[in-house]
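Protein chains: 2
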Amino acid sequence: MLQGVIENNANYQPGLSIDCVIFGFHHNQLKVLLLKTPFESKWSLPGGFVPIDEDIDTAAVTVLNVRTGMEGIFLRQFATFGKVKRNDKHFNDTVLDYLKIPQQEVKWFTQRFITIGYYALVDFLKAVPQKGNHQEIIEWIDHKEMPELILDHKEILDKALETLRAELNLMPIGYNLLPEKFTIPELQKLYETILDRKLDRRNFLRKITNIGILNKLDEKKSNVAHKAPNLYTFDKEKYQEVLKNGLNQGW
Amino acid sequence: MLQGVIENNANYQPGLSIDCVIFGFHHNQLKVLLLKTPFESKWSLPGGFVPIDEDIDTAAVTVLNVRTGMEGIFLRQFATFGKVKRNDKHFNDTVLDYLKIPQQEVKWFTQRFITIGYYALVDFLKAVPQKGNHQEIIEWIDHKEMPELILDHKEILDKALETLRAELNLMPIGYNLLPEKFTIPELQKLYETILDRKLDRRNFLRKITNIGILNKLDEKKSNVAHKAPNLYTFDKEKYQEVLKNGLNQGW
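Residue numbers (full-length UniProt numbering), protein chains in the order written: chain A, 1 to 251; chain D, 1 to 251.
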């Protein structure tokens, strides 16, 4: 992808990039997909540029698709970051050298960039993280154990998490993060992990049931010694409806 | 402002603009500040460009300040709009002629623009709408009686209103939209106008009181025949605290 930009940056929107915060849920951890290039000690969010003939949302879908191998991912724009000096020291000689950017193209890469942040929720087990090249490292990292990030990527990640937390009050969640069949305790654990606090069991059950997006199955979770909990699935139609209209539980 | 951009567009971020949805509340109407130039039948949101040495948020503050004469306005970025063809037919010959854009600068103005949307809540009575030049019209228009808007400004306005409605569940509102002293029915009317539906009086009173941001005054509303309602103010410190931490009433 980068090669195309270097060879013909006139085909890309100047001074504009996309950064994606890709969340996955696994072993009761909220994980984030991060990249590292060999010439840097810091990690970065997966990102890309915007082809002049593509909508910004399409460019974001491409980044996700390229990095996870998945399509039809839940993806939401959450904020645009445009402090004056956010990237002014990023493309130093080491980076330019590693990226093999020819002298005449350096100006394009070192210009001021504004970046549009998207966050995605993906099924951890279905995603296949893809490197950009064999020297790169790509990994799921627990959001509580974040390494140092380049540029303002920490700020972008924090804002994505803040948005995700706020949106728990506005929309249902879980469809993209849990296996198809799940128990209420598993769903509650997802909420607790995102919110980073314990929730009352009965309150949670009442609220989540009231939304009307769960189908109780005639099955119990197996491999559980006794008092096996019921399994549920999301009612996809109702889930989409609530996603569209909002939870509207406030006023 | 535009003159500066025409004369030296190298000082501005290429292909990037700011558009502001400025809301005011008056006579139980939610109004939006709109502009019209003499050569067009459609109205537009106030907007501007981003100086290369200014943060995007600062550029948005400038637009607000220039258009309302106000400072310290509540202002929030809500979305960035970047469909490929959003402005490709906007700068036609009539517009270029009216704006007196020299031939050699036309390319800069007709390039693809991505625009960052901000919404603001202002005190209708304190704002002094400012024209860009004497031919321009600037007016507060009821959001229920919107005229046709240029480009994707209708989409931007709709998204701003959708965001404002959603954020009623996440943060307090009213500080920038109501007079300093107000009654609970007046505050309820503000919520009803934004949400475009009736709310239950007792429920509203309970919920708004629970947030803990209101100070009841030792005063009643004057000019009311009998059963004069109590006057309230916002407890600014608690209001700011809740604004920062969120209502957190969901889970």
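Certain hints may be false.
Since copy identity is lost for identical chains, a pair holds within one copy or between any two.
[Unchecked claim] The calculated DSBU-like cross-link candidates involving lysine-lysine, where the alpha carbons are at most 35 Å apart (straight line), are:
{"no.": "1", "residue 1": "K36", "residue 2": "K227"}
{"no.": "2", "residue 1": "K100", "residue 2": "K244"}
{"no.": "3", "residue 1": "K238", "residue 2": "K107"}
{"no.": "4", "residue 1": "K107", "residue 2": "K216"}
{"no.": "5", "residue 1": "K238", "residue 2": "K89"}
{"no.": "6", "residue 1": "K189", "residue 2": "K89"}
{"no.": "7", "residue 1": "K85", "residue 2": "K154"}
{"no.": "8", "residue 1": "K198", "residue 2": "K244"}
{"no.": "9", "residue 1": "K207", "residue 2": "K100"}
{"no.": "10", "residue 1": "K107", "residue 2": "K189"}
{"no.": "11", "residue 1": "K36", "residue 2": "K207"}
{"no.": "12", "residue 1": "K131", "residue 2": "K216"}
{"no.": "13", "residue 1": "K100", "residue 2": "K227"}
{"no.": "14", "residue 1": "K220", "residue 2": "K126"}
{"no.": "15", "residue 1": "K216", "residue 2": "K42"}
{"no.": "16", "residue 1": "K83", "residue 2": "K207"}
{"no.": "17", "residue 1": "K221", "residue 2": "K36"}
{"no.": "18", "residue 1": "K236", "residue 2": "K85"}
{"no.": "19", "residue 1": "K36", "residue 2": "K216"}
{"no.": "20", "residue 1": "K216", "residue 2": "K85"}
{"no.": "21", "residue 1": "K42", "residue 2": "K236"}
{"no.": "22", "residue 1": "K89", "residue 2": "K216"}
{"no.": "23", "residue 1": "K107", "residue 2": "K220"}
{"no.": "24", "residue 1": "K244", "residue 2": "K159"}
{"no.": "25", "residue 1": "K100", "residue 2": "K181"}
{"no.": "26", "residue 1": "K221", "residue 2": "K100"}
{"no.": "27", "residue 1": "K154", "residue 2": "K221"}
{"no.": "28", "residue 1": "K89", "residue 2": "K221"}
{"no.": "29", "residue 1": "K238", "residue 2": "K189"}
{"no.": "30", "residue 1": "K220", "residue 2": "K207"}
For the record, the hints were derived by calculation from the structure and aren't laboratory data. Being a predicted model, the structure only gives us computed values, none of them experimental.
Hints, one by one, checked against the model:
1. K36 x K227: neither (45 Å within a copy, 68 Å between copies)
2. K100 x K244: neither (45 Å within a copy, 44 Å between copies)
3. K238 x K107: neither (50 Å within a copy, 48 Å between copies)
4. K107 x K216: neither (58 Å within a copy, 60 Å between copies)
5. K238 x K89: Classified as neither; 48 Å inside a copy, 40 Å across copies.
6. K189 x K89: neither (41 Å within a copy, 50 Å between copies)
7. K85 x K154: both (15 Å within a copy, 32 Å between copies)
8. K198 x K244: both (28 Å within a copy, 21 Å between copies)
9. K207 x K100: neither (54 Å within a copy, 59 Å between copies)
10. K107 x K189: The answer is neither: 48 Å in one copy and 54 Å across copies each exceed 35 Å.
11. K36 x K207: The answer is neither: 41 Å in one copy and 48 Å across copies each exceed 35 Å.
12. K131 x K216: The answer is neither: 40 Å in one copy and 60 Å across copies each exceed 35 Å.
13. K100 x K227: Neither: 61 Å inside a copy, 78 Å across copies.
14. K220 x K126: within (24 Å within a copy, 62 Å between copies)
15. K216 x K42: For K216 and K42, the Cα distance exceeds 35 Å both inside one copy (45 Å) and across copies (52 Å).
16. K83 x K207: Answer is neither: 40 Å inside a copy and 38 Å across each miss the 35 Å cutoff.
17. K221 x K36: neither (39 Å within a copy, 63 Å between copies)
18. K236 x K85: between (44 Å within a copy, 33 Å between copies)
19. K36 x K216: For K36 and K216, neither the intra-copy (42 Å) nor the inter-copy (56 Å) Cα distance is at most 35 Å.
20. K216 x K85: neither (52 Å within a copy, 46 Å between copies)
21. K42 x K236: Neither, since 40 Å and 41 Å both go past 35 Å.
22. K89 x K216: The answer is neither: 54 Å in one copy and 53 Å across copies each exceed 35 Å.
23. K107 x K220: Neither way: K107 and K220 sit 61 Å apart in one copy and 65 Å across, limit 35 Å.
24. K244 x K159: both (22 Å within a copy, 13 Å between copies)
25. K100 x K181: This pair counts as neither: shortest intra-copy Cα distance 48 Å, inter-copy 63 Å.
26. K221 x K100: neither (53 Å within a copy, 71 Å between copies)
27. K154 x K221: Result: close neither inside a copy nor across copies, 38 Å intra and 49 Å inter.
28. K89 x K221: This pair counts as neither: shortest intra-copy Cα distance 53 Å, inter-copy 58 Å.
29. K238 x K189: both (22 Å within a copy, 31 Å between copies)
30. K220 x K207: Within one copy only: 22 Å inside a chain, 39 Å across chains, cut-off 35 Å.
Consistency with the previously given hints fails for numbers 1, 2, 3, 4, 5, 6, 9, 10, 11, 12, 13, 15, 16, 17, 19, 20, 21, 22, 23, 25, 26, 27, 28, ordered from lowest to highest.
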